[in-house]
Amino acid sequence: MALLPAVRAARMLPRTSVAACQRFFMAPAVEAKHGAAAPSSALSAGPIGLGAPLARRGAGVSVLGCAIAMVAVGGCAQGIGQLFAALVVGMARNPSMKEDLFTYTLIGMGFLEFLAIVVILIAGLLLYSE
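Using my numbering, you'd call the opening residue of the sequence shown number 282 and step up by one each time.
Hints should not be assumed to be uniformly reliable.
Estimated spans, in silico, between C-beta atoms of each pair [unchecked claim]:
1) N375 <-> A340: 52 to 60 Å
2) G346 <-> P376: 14 to 22 Å
3) A340 <-> P376: 27 to 35 Å
4) G360 <-> L408: 48 to 56 Å
5) E394 <-> V370: 36 to 44 Å
6) I388 <-> A353: 18 to 26 Å
FYI, nobody ran anything at the bench for these hints, they're computed from the structure. These figures come from a predicted structure and were not determined experimentally. Even glycine gets a Cβ: it sits at the ideal position worked out from N, Cα and C.
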């Protein structure tokens, strides 16, 4: 919970100190690309940091969103593992229901695979969105 007051305090910093922080943490490749005009353009470009419009977000946000979405694929894999564990337990308890249980397991696995494919598509959409 200490993060929220720090974010609020960062928003209230003067623009010059924010620009100085950006120059301090800026990568050399980005510095060379922008040259000497970067500090003056950063001050006059409008809101920076948390107040920047979503169209100017960095590429790291897309990668982070994609990685968070891909966590659901691990959940699908865990669900398939639990599904087959339940199949083994069900067949051990009632071997005569083997064919029916296997059919229900394959139907459940199809639903889980569909969910995993949808999650991968959404993660790709998040990765390549602007």
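Can you name, in rising order, the numbers of the hints this structure does not satisfy? Hints 2, 3, 4 and 5 contradicted; others consistent.
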